[in-house]
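Chemist: Turn these sequences into a full structure, and let the hints steer you where they fit.
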Amino acid sequence: MQRRHFLRTSTAFAVGAAAGLRLRPAIAQEGGTLRLLTWEGYADDAWVKNFEDAHGVQVAKTYVGSNDEYMAKLAAGGGDYDLVVIVSSLGRRAINAGFVEPLDLSLIPNFQSIYPRLQSGGFIRKDDQVFGAPTFVAISPITVNTEVIPEGNDFGLLFDERFAGRIAMWDDVSTLGDVAAWMGIEDVWNMSDDQLEAVKQKLIEQKPMVRTYWSQAGEAIDLFMNGEVVISNSWSYITSELKARGLPVREFYGSPPSAAVDSHFIVSGTPSRELAHAFIDHILSPQSQGAIAEISGYTPSNPQSVDFMPAETWKTMGLDAVGEVVERMNIWEDIPRRSRYLEVLSEVKAA
Amino acid sequence: MAVIFLGPAALYALVFLILPYANLLAYSFWKVENYAVVRDFNLGNFQRAITGSSYLPVLGNSLLVAVIVTAISAVLGYALAFYVAFFTGRARHTLFFLMVIPLWTSFLLRAFIWRLILGREGIINSGLSWLGVTDEPISVLLFNRFSVCIALVYVFVPFVAIPVYAALEKIPREAIEASMDLGATAATTFRRVILPLSIPGIVAGGIVTFCLSFGDFVAPALLGGPSGLMISSVIITQFGSAFDWPFGSALAVIVIVIIGTAVILARRLERRHG
Chain S
71 MQRRHFLRTS TAFAVGAAAG LRLRPAIAQE GGTLRLLTWE GYADDAWVKN
121 FEDAHGVQVA KTYVGSNDEY MAKLAAGGGD YDLVVIVSSL GRRAINAGFV
171 EPLDLSLIPN FQSIYPRLQS GGFIRKDDQV FGAPTFVAIS PITVNTEVIP
221 EGNDFGLLFD ERFAGRIAMW DDVSTLGDVA AWMGIEDVWN MSDDQLEAVK
271 QKLIEQKPMV RTYWSQAGEA IDLFMNGEVV ISNSWSYITS ELKARGLPVR
321 EFYGSPPSAA VDSHFIVSGT PSRELAHAFI DHILSPQSQG AIAEISGYTP
371 SNPQSVDFMP AETWKTMGLD AVGEVVERMN IWEDIPRRSR YLEVLSEVKA
421 A
Chain V
170 MAVIFLGPAA LYALVFLILP YANLLAYSFW KVENYAVVRD FNLGNFQRAI
220 TGSSYLPVLG NSLLVAVIVT AISAVLGYAL AFYVAFFTGR ARHTLFFLMV
270 IPLWTSFLLR AFIWRLILGR EGIINSGLSW LGVTDEPISV LLFNRFSVCI
320 ALVYVFVPFV AIPVYAALEK IPREAIEASM DLGATAATTF RRVILPLSIP
370 GIVAGGIVTF CLSFGDFVAP ALLGGPSGLM ISSVIITQFG SAFDWPFGSA
420 LAVIVIVIIG TAVILARRLE RRHG
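Chains as they are written, first to last, in my numbering: chain S, 71 to 421; chain V, 170 to 443.
Simulated from the structure, these hints should not be mistaken for lab results. Even glycine gets a Cβ: it sits at the ideal position worked out from N, Cα and C. Misleading hints may appear alongside valid ones.
To be verified - Below, a list of computed lysine-lysine pairs in the DSS-like style, where the Cα atoms sit at most 27 Å apart: (1) LYS143(S) <-> LYS196(S); (2) LYS200(V) <-> LYS143(S); (3) LYS270(S) <-> LYS200(V).
To be verified - According to the in silico footprint, chain V covers these stretches of chain S (three or more CB under 8 Å from chain V): (4) 290-304; (5) 403-412.
Modeler: Rendered as structure tokens:
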């Protein structure tokens, strides 16, 4: 009985699947499908569903687990996707490799309302052409335990003897950029050998005070929760997660901080060029950006979103100050000598 | 019949052993240019591994940790197996069973648990503070070579104890009795009869412990702190964020050579004394 039931349902399923396969091209012609390669959380129904309804299309989302993953998919041809989200440190590489095609900004009026600094970012541009639309901003803060460090907003607290043994650092090239910026180095992603050496020496000097280096957000959260550390350069996600778990923490920005910017790019040769442009304009709109801030907690790239999120959200995210931070932050760019940067991190740990 | 049985085995060896190693070796002589692997034979990766200021110290640290962990695990594992085999009577099988149980849990979990034991708010520090022994938590327990070695020893003691126990079990009790009957002391019997017959067990357990602790990634990442960098972490970085598969392959080849040499030396030792 059970077996027969199983056979019947599985047969029905197989027939249905076959029918579905046959129907798919028909649907595509009618309304169309937009195939989006992105991170989970970047394509919430709150700002995707209304686009689907307005255009009578389906947005097919594929989630990635790492930056390498979408680059590998694009390198393998990318023909399965119309739109892709690329982080600022890989934008130039994707453009140069021909993975993505230039945008027609006349189809994206909302592009003009995002922060001017982001509009002019080198990670979305080549030869006066714009290839990407900056959508999400992630500024790297310094997270501190307010019980132990109630005051002070200086990056130098990470090098303060008073907190020796209770300092953590993110095990990432971004940390080199943070420290370099604090030391007054300008072009932090293009350091000379001497500059890299100076940063390395600074980190070696700091090492006896460092409890540990972490690489996953979960690890950092654990270190704070277990009282192992009281300060670390970090992610906003970590601060908010710690707050949610009841730990007294606050965050502030370095001088200037590093920031990753994720942008939507159109995959070269897409058959849905117009629809892809429409989606980009939609996700840059003040309405979508307000929903993004409210629901996902990512810093919006469009300041006009202020009118489309609760005043409380704007305030807790400190978005009044972000406008000024965006102007001076060090956006992650392609690091031409990336392997040397990583080597410096190893050398610090091996010293 | 032979084809049915050996065919899949040969296929397995080809797909999962021969081809991957050949691939690794080939990659180690290639290089990366503009984020693409260039199949251009060169020795640059090996030169960089030897001349770069961080790689030899990291290899040295891995070697040191592996030697410490192997030595301590061998002594403790042997003592444990000896105790269980000869001094526990009918509880022997139960104890052996208890020794095996930890191997059922994830290695990651067994390493991670040491954070909860050795941490500032961990079991040891809480206990000492409760007893009034310390005012401030002792921080040197965690995030250094010490904590990495403790966790690895804890993980690998059964790896030594199990083969040693198997070797001790196989020693005919008559041989031990004969030795004692002929007037040898307990110490001499141990040295001349039991130890030589159990050397294959020590070598087998020791080799496994050495290889796995040399190449371990989890314990140094979780417990090593700022100075505990070991070679596996560096290799993983090459295949991940550095996007330098050829260099990562070269480092892996070096690790294979070091471990291979150690295994050959151990086998020789075993032949001479076993």
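Chemist: Next step is simple, just say for each hint if it's right about the structure.
Modeler: To see whether the hints hold, each was checked on the structure:
1. With a C-alpha separation of about 22 Å, the suggested pairing of LYS143(S) with LYS196(S) holds against the 27 Å cut-off.
2. Distance check on the hinted pair: LYS200(V) and LYS143(S) sit about 22 Å apart at the alpha-carbon level, within 27 Å; holds.
3. The straight-line distance between the Cα atoms of LYS270(S) and LYS200(V) is roughly 26 Å, inside the 27 Å bound, and the hint therefore holds.
4. With 4 residues having a Cβ less than 8 Å from any Cβ of chain V, the stretch 290-304 of chain S passes the three-residue criterion, so the hint holds.
5. Look at the stretch 403-412 of chain S against chain V: 3 of its residues bring a Cβ nearer than 8 Å to a Cβ of that chain, three or more, so the hint holds.
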